[in-house]
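Protein chains in written order, with this note's numbering: chain A, 1 to 114; chain B, 1001 to 1115.
Worth double-checking, as some hints may not be accurate.
In silico DSBU-like cross-links for lysine-lysine, where the CA-CA straight-line distance does not exceed 35 angstroms [as the list claims (entries may be wrong)]:
#, chain 1, residue 1, chain 2, residue 2
1, B, Lys-1058, A, Lys-78
2, A, Lys-78, A, Lys-68
3, B, Lys-1049, B, Lys-1068
4, A, Lys-78, B, Lys-1049
5, A, Lys-68, A, Lys-24
6, A, Lys-68, B, Lys-1069
7, A, Lys-78, A, Lys-24
8, A, Lys-68, B, Lys-1049
9, B, Lys-1069, B, Lys-1058
10, B, Lys-1068, B, Lys-1058
11, B, Lys-1049, B, Lys-1069
Simulated restraints, written as ranges between beta carbons of each label pair [stated by the list, open to error]:
#, chain 1, residue 1, chain 2, residue 2, range
12, B, Glu-1064, A, Thr-112, 21 to 27 angstroms
13, B, Ala-1053, A, Gly-16, 22 to 28 angstroms
14, B, Gln-1042, A, Thr-20, 19 to 25 angstroms
15, B, Gly-1016, A, Glu-14, 47 to 53 angstroms
16, A, Arg-22, B, Ser-1098, 39 to 45 angstroms
17, B, Ser-1080, A, Arg-9, 44 to 50 angstroms
None of these hints come from the bench; they were simulated from the model.
A virtual CB, placed ideally from N, CA and C, is assigned to each residue, including glycine.
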Amino acid sequence: DAGVIQSPRHEVTEMGQEVTLRCKPISGHNSLFWYRQTMMRGLELLIYFNNNVPIDDSGMPEDRFSAKMPNASFSTLKIQPSEPRDSAVYFCASSSRGASYEQYFGPGTRLTVT
Amino acid sequence: AQSVTQLGSHVSVSEGALVLLRCNYSSSVPPYLFWYVQYPNQGLQLLLKYTSAATLVKGINGFEAEFKKSETSFHLTKPSAHMSDAAEYFCAVSERGSTLGRLYFGRGTQLTVWP
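Here chain A stands alone, though its shape is the one from the complex (with noise of 0.2 angstroms):
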């Protein structure tokens, strides 16, 4: 099983550029969430999809950020236009059914916007 990937795993980017992450699940898993870690801010849940749906996007800080899932195996978030705050570190995770099953990560995306 190659667990969650994520690409790319690093990103740098000028303020005003479009940017876009991407995560692929585990194979089977139906939960997939978004999070971002910041050393001020700690570990954020931006968006969550179950069965490919965005159930909760509470999270995501403004209307620059958007989040997609076309299908059970691919995730994109994508911010335009990034800002010098949106630098951190973006992590992918997904879950099977139940809230007993945990969250598998991926290696994250750093992201860091000049």
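Assemble chain B onto chain A, guided by the hints.
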């Protein structure tokens, strides 16, 4: 919504000493409970979880945690710290009966191990 409190954002111990990382939850119905570890520049990985069986749960790398309903706690312990245990540790809960798999994380505790 669930709430998780991790007392102590930083804990320092000497190599060979007992490790105790505290976690308390707020819920009228005992949730499912998890401990995750994050090593530098890596994602979070599961250490152990409590779902409904034995209240003392053993995990990887010699860690264990005990669910205490009366204290709404799920503290993580390890009898003897190793240098390799230096990492950030997160406690998390999920709601019984939910099929969505959402976890509510604490703020994390950074563990430093001194030689």
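Outcome of the hint check:
1. Only pairs whose Cα atoms come within 35 angstroms are accepted, and B:Lys-1058 paired with A:Lys-78 is rejected, the gap being roughly 39 angstroms.
2. Of the pairs offered as hints, the one joining A:Lys-78 and A:Lys-68 holds, with about 9 angstroms between alpha carbons and a cut-off of 35 angstroms not exceeded.
3. Between B:Lys-1049 and B:Lys-1068 the CA atoms are separated by roughly 14 angstroms; this keeps the pair inside 35 angstroms, and the hint holds.
4. Note on A:Lys-78 and B:Lys-1049: the hinted pairing holds, with a Cα-Cα distance of about 32 angstroms set against a maximum of 35 angstroms.
5. Only pairs whose Cα atoms come within 35 angstroms are accepted, and A:Lys-68 paired with A:Lys-24 is accepted, the gap being roughly 12 angstroms.
6. At roughly 39 angstroms between alpha-carbon atoms, A:Lys-68 and B:Lys-1069 are farther apart than 35 angstroms, so this suggested pair is violated.
7. Restraint check for A:Lys-78 and A:Lys-24: satisfied, since their Cα atoms lie roughly 15 angstroms apart, inside the 35 angstroms limit.
8. For the hint linking A:Lys-68 to B:Lys-1049, the alpha-carbon distance of about 30 angstroms falls within 35 angstroms, and the restraint holds.
9. Under the criterion of a C-alpha separation no larger than 35 angstroms, the hint pairing B:Lys-1069 with B:Lys-1058 is consistent with the structure, at around 18 angstroms.
10. For a cut-off of 35 angstroms, the pair hint linking B:Lys-1068 to B:Lys-1058 stands: about 15 angstroms separates their Cα positions.
11. Pair hint B:Lys-1049 plus B:Lys-1069 holds up; C-alpha atoms about 15 angstroms apart against a cutoff of 35 angstroms.
12. Between B:Glu-1064 and A:Thr-112 the C-beta distance comes to about 38 angstroms, which lies outside the given range of 21 to 27 angstroms.
13. At roughly 53 angstroms, the beta carbons of B:Ala-1053 and A:Gly-16 sit outside the given window of 22 to 28 angstroms.
14. The given range of 19 to 25 angstroms is respected by B:Gln-1042 and A:Thr-20, whose C-beta atoms sit roughly 23 angstroms from each other.
15. Taken as a hint, the range 47 to 53 angstroms holds for the pair B:Gly-1016 and A:Glu-14, whose Cβ atoms sit roughly 49 angstroms apart.
16. A hinted range of 39 to 45 angstroms is violated for the C-beta pair A:Arg-22 and B:Ser-1098, which are about 27 angstroms apart.
17. Take B:Ser-1080 and A:Arg-9: their Cβ atoms lie about 34 angstroms apart, and the range 44 to 50 angstroms is violated.
This entry does not satisfy hints 1, 6, 12, 13, 16 and 17, going by the numbered hints stated previously.
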